[in-house]
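> From first to last, the protein sequence lines are chains L and H. For the first sequence, this note's numbering assigns the number 1 to the initial residue and increments by one for each residue that follows. For the second sequence, this note's numbering assigns the number 1001 to the initial residue and increments by one for each residue that follows.
Don't take each hint at face value.
Said to hold, decoys possible - Taking lysine to any residue pairs in the SDA-like style, the calculated list, with each CA pair at most 20 angstroms apart, reads:
1) Lys1024(H) with Asp129(L)
2) Lys1176(H) with Arg1192(H)
3) Lys1024(H) with Gly139(L)
4) Lys171(L) with Ile187(L)
5) Lys1024(H) with Ile138(L)
6) Lys1024(H) with Arg221(L)
7) Lys1176(H) with Gln1150(H)
No wet-lab data here; the hints were simulated from the structure.
Spelled out, the chains give:
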Amino acid sequence: MSQYVVNRLLVIIPVLLGVVFVVMLTLDLIPGDPVALMLGENARPEEVAALRDKLGLDDPLLVRYVRYLGDVARVTWAARSSPTGRSSTKSPTSSPRRCSWRWPPWRWPSSWASPPGFFSAMHPGGISDAMMRLFSLIGLSMPVFWLGLVLIYIFAYYLRLLPVGGTGSWKHLILPAVTLALPSMAIVSRMTRSTMLETRREDYVRTAQAKGLAGRTVINRHILRNALIPIVTVIGLQFGQLLGGAVLTETVFAWPGLGRLTVAAIFARDYILLQGCVLVFALSFVLINTAVDISYGYIDPRTRG
Amino acid sequence: MTDMQLSRRRSPLGDVTRHFLRNKLAVAGLIIVALLVFAAVFAPVLAPQDPAQQHLEDKRTPPGPEYPLGADEFGRDILSRVIYGSRVALFVAVTAVAIALVLGVTMGLLAGFVGGWLDTLLMRVTDIMLAFPYLLLAIAIVAALGTGLQNTTLAVGIWATPAFARLARSQVIGLKNREYVTAAQALGARPRRVVLRHVLPNSIPPIIVFASLYMANAILLEAALSFLGLGIQPPQPSWGLMVSSGRDFLRIAPHIATIPGVAIMLAVLGFNLMGDGLRDALDPTLRGRV
């Protein structure tokens, strides 16, 4: 098992190197000179040249890549974005301190979604099953940002129960958490339903039933455990979706997090900050996927080979 | 006579159609999609007003006889803007999925059929693209290219490409060792002919399903980018943009932000229902199951 974990961890190294490269290349492709943008329109050419030199932007691509890797390793990319101090005055949120890792505690509710899918699969074809399928499809089709606005209107403006946005108390967490979780719940419950239905038809389930095992034992030991792999995959992928969805949820609820910082960086044309934000998102996504892979090893011994 | 023969023969296509039409949810999806296409094509005829015409004296009018879905913050008719918005949504979705289809399927066919270093290279590229969470890759592309209709479409297309590449590759690998492919090779068919005549046609059904489901995702992604101000730019009527601009008036005029959102939800729901129905109809192993 430990060998399996080590292997999984080693595989992420080339992907991480590639991610850093792509993020760096994106910055390269941006039309216009990022330095000129950072210094503003009135910068003199020699100022621009000096800063380009200081940031090492005139070096060959590979040289910059290796140096960027070193920077990332030392987590200094944010500091690089404001060598003149001007960049951070442009956008109120772009100080390196704010680029800290915020992980709001609303990201776990997607696991709530398995039970509905589970019950739906246990009684396929019934009214509750049809309702569940339709509701999960609607949940899947709702734009996250719109759902957030509707919830704000109902619970903050109309019922006056919860705050409109911002941070502070636990009440501030409820609406963003529900907004972010509902679409994931829809996906996870759909997935749970279809895998449970598929697993129910396996020969070993019939064998287990035929030899007279109690219904609950068959479900827990034979169906649920085998159906778990695709469900765990989807939950893992959902974490990635939540990372992206956070950009929207944080915008709607004025939550000061990495997602809003990313958008602010684009509008402030602070591409070096943007690079850092995208990198943090991508790295955490890769790490989550690796954690999912490792969990397979525990759930299903066959995948360890 | 010919009709009877056809029905007795039960062509595969007829089978699929029958299964699709028997599925009520799938038909509902098809109707929604058809209405969407209809609205986009006949927008100038259907829209009661010019979507760009401002009536500042009527701004933020709630739904009523003069403005069936109300007027927005500039007094523009929301119904007309929603109808014209379907053009933007459909254009982005169709073009982006077409881009992803062509690029992704080509990549997948090459990777799966040629194999070796090309496979490894292409799959690592998709790995890296998939390492960016939903929305982030598109945001990065838009940041690099700039906003607007063209760049948004391109960003959505590039975002969807790796998924199509993965799907096509898995299809090809599954089909590569089938007897009929080996037979074609044994008869001396060139690789290009084998791929285009024998492998590709057989991998089309799952790709169609995927394309339909990705239309839904593309509409959502365009709406999200436009909502953030990174997609379609005003004054073009994009649904996501309309939600975004109505956001400031949520308390006093909730219809401005909520109605375009309903349009997004219906369009996405239509493509999702249709894709689900197609999947069930095209996959014979799922037939007869609940």
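> The structure should be examined with respect to each hint, and the outcome stated for every one.
We went through each hint and held it up to the structure:
1. Taken as a hint, the Lys1024(H) and Asp129(L) pair is honoured in the structure, with Cα atoms around 15 angstroms apart against an allowance of 20 angstroms.
2. Simply put, Lys1176(H) and Arg1192(H) have alpha-carbon atoms about 13 angstroms apart, close enough for the 20 angstroms limit, and the pair holds.
3. As the CA atoms of Lys1024(H) and Gly139(L) are separated by approximately 19 angstroms, the hinted pair is consistent with the 20 angstroms bound.
4. Restraint check: the Cα-Cα separation between Lys171(L) and Ile187(L) comes to about 26 angstroms, which exceeds 20 angstroms; the hinted pair is violated.
5. With a CA separation close to 16 angstroms, the supplied pair Lys1024(H) and Ile138(L) stays within the 20 angstroms bound.
6. At roughly 35 angstroms between alpha-carbon atoms, Lys1024(H) and Arg221(L) are farther apart than 20 angstroms, so this suggested pair is violated.
7. Between the alpha carbons of Lys1176(H) and Gln1150(H) the distance comes to roughly 37 angstroms, so the proposed pair goes past 20 angstroms and is violated.
Violation of the numbered hints given earlier is confined to hints 4, 6, 7; the remaining hints are satisfied by the structure.
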